[in-house]
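Work the whole structure out from these sequences, hints included.
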Amino acid sequence: MDNLFGEIVFWALAVVTVGSALLVVTIRDVFRAALLLATTFMGIAGLFVMLNAEFLAVVQILIYVGAISVLLVFAVMLTRGVSEGNRGTPVQPVALTVAALLLGVLAWSIVQAEWNLLPTDLPAPFEEVFITTPQVLGRLLISEFVLPFEIAGVLLLAAVVGALALVRESGEE
Amino acid sequence: MDLERYLLLSAVLFVIGMYGALSRRNIITVLMSIEIMFNAVILTLVAMSRFITPAAARLPGADPADVAHWLLTGQTLAVFIVVVAAAEVALGLALVISLFRHKDTVDVTEVNLLRH
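One line per chain: the protein sequences are A and B, in this order. Each residue of the first sequence is one higher than the one before, starting from 1 at the first, in this note's numbering. Each residue of the second sequence is one higher than the one before, starting from 1001 at the first, in this note's numbering.
Treat the hints as calculated values from the structure; they're not laboratory data. Some hints could be false.
What follows is a list of derived Cβ distance ranges for each label pair [as the list claims (entries may be wrong)]: (1) B/N1112 / A/Q112: 36 to 44 Å; (2) B/G1061 / A/V15: 41 to 49 Å; (3) B/R1058 / A/V146: 20 to 28 Å; (4) A/G88 / B/A1062: 50 to 58 Å; (5) B/N1112 / A/F31: 43 to 51 Å; (6) B/K1103 / A/A165: 13 to 21 Å.
One-sided and incomplete, this derived list gives chain A residues near chain B with beta-carbon spacing under 10 Å [claimed, not checked]: (7) A14; (8) T26; (9) M50; (10) A53; (11) A100; (12) A107; (13) A113; (14) L122; (15) E127; (16) P148; (17) F149; (18) G153; (19) L156.
Nothing here was measured: the structure is a model prediction, and the numbers come from that model. No residue lacks a Cβ here, since even glycine has one placed at the ideal position from N, Cα and C.
See below:
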């Protein structure tokens, strides 16, 4: 992305994403944290569009912004009242140190690694894949990755049944 | 620098999520932080998928037309992570609701049933 417009969009999305993620973990009001989390998810969806992953951007909006954020807001509403504020635990300084150390290690290894990058002018078939992402992704899911695909279906079923069993009122048969 | 800046951005997001998961008292905020970490990993996978040459294309004599679909391996993995994250958040929130019903709290430091 060597044009100016792409640069501006990337940095705007990066600032929105990182800023709202920082607010999620520092703000006191849990309800506002849930709304800011939706902003983070939308920023990441924008970054997916920048990375030629339009299908995943739509999935991100549908599942993260549409379903997971709403579920979290529901949970905040159902448990509100006792949870006055969102204080830190006693291990906060340790957490900060560990996080800073991990960031240092990650940044160092990202910068010094030698990546096997794609050529800047892509061969025509590669270019084609990035234009028709949903088709190629769908074909991959029902050919090479069909076993994980089926297992994911079973996992979702188990999760739904498990969640229902957990929240069922006790004593109600 | 194209790949590196996306990787650095997702490293920053991952670290923010980890800090939140370790340092917050409210269990719902801990779940939100875990979701931020999931998203950071998905961003890494999508960036890799866009900028890295797939292993199949590095083999000598590989025809670009035959190996092109391997470019989207990262995105396929990202789809599975989204599925697992959705299952995780559904179960996690069910646990939170059930915990709130029994102990009347969502403070992780007050839940110490398993502590000797």
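Now the hints, each set against the structure:
no., hint, result
1, B/N1112 / A/Q112: 36 to 44 Å, "holds (43 Å)"
2, B/G1061 / A/V15: 41 to 49 Å, "holds (45 Å)"
3, B/R1058 / A/V146: 20 to 28 Å, "holds (25 Å)"
4, A/G88 / B/A1062: 50 to 58 Å, "holds (52 Å)"
5, B/N1112 / A/F31: 43 to 51 Å, "violated (27 Å)"
6, B/K1103 / A/A165: 13 to 21 Å, "holds (19 Å)"
7, A14, "holds (5 Å)"
8, T26, "holds (8 Å)"
9, M50, "holds (9 Å)"
10, A53, "holds (5 Å)"
11, A100, "holds (8 Å)"
12, A107, "holds (6 Å)"
13, A113, "holds (9 Å)"
14, L122, "holds (9 Å)"
15, E127, "holds (9 Å)"
16, P148, "holds (6 Å)"
17, F149, "holds (8 Å)"
18, G153, "holds (9 Å)"
19, L156, "holds (6 Å)"
Hint compliance for this structure: hint 5 is the single one not met.
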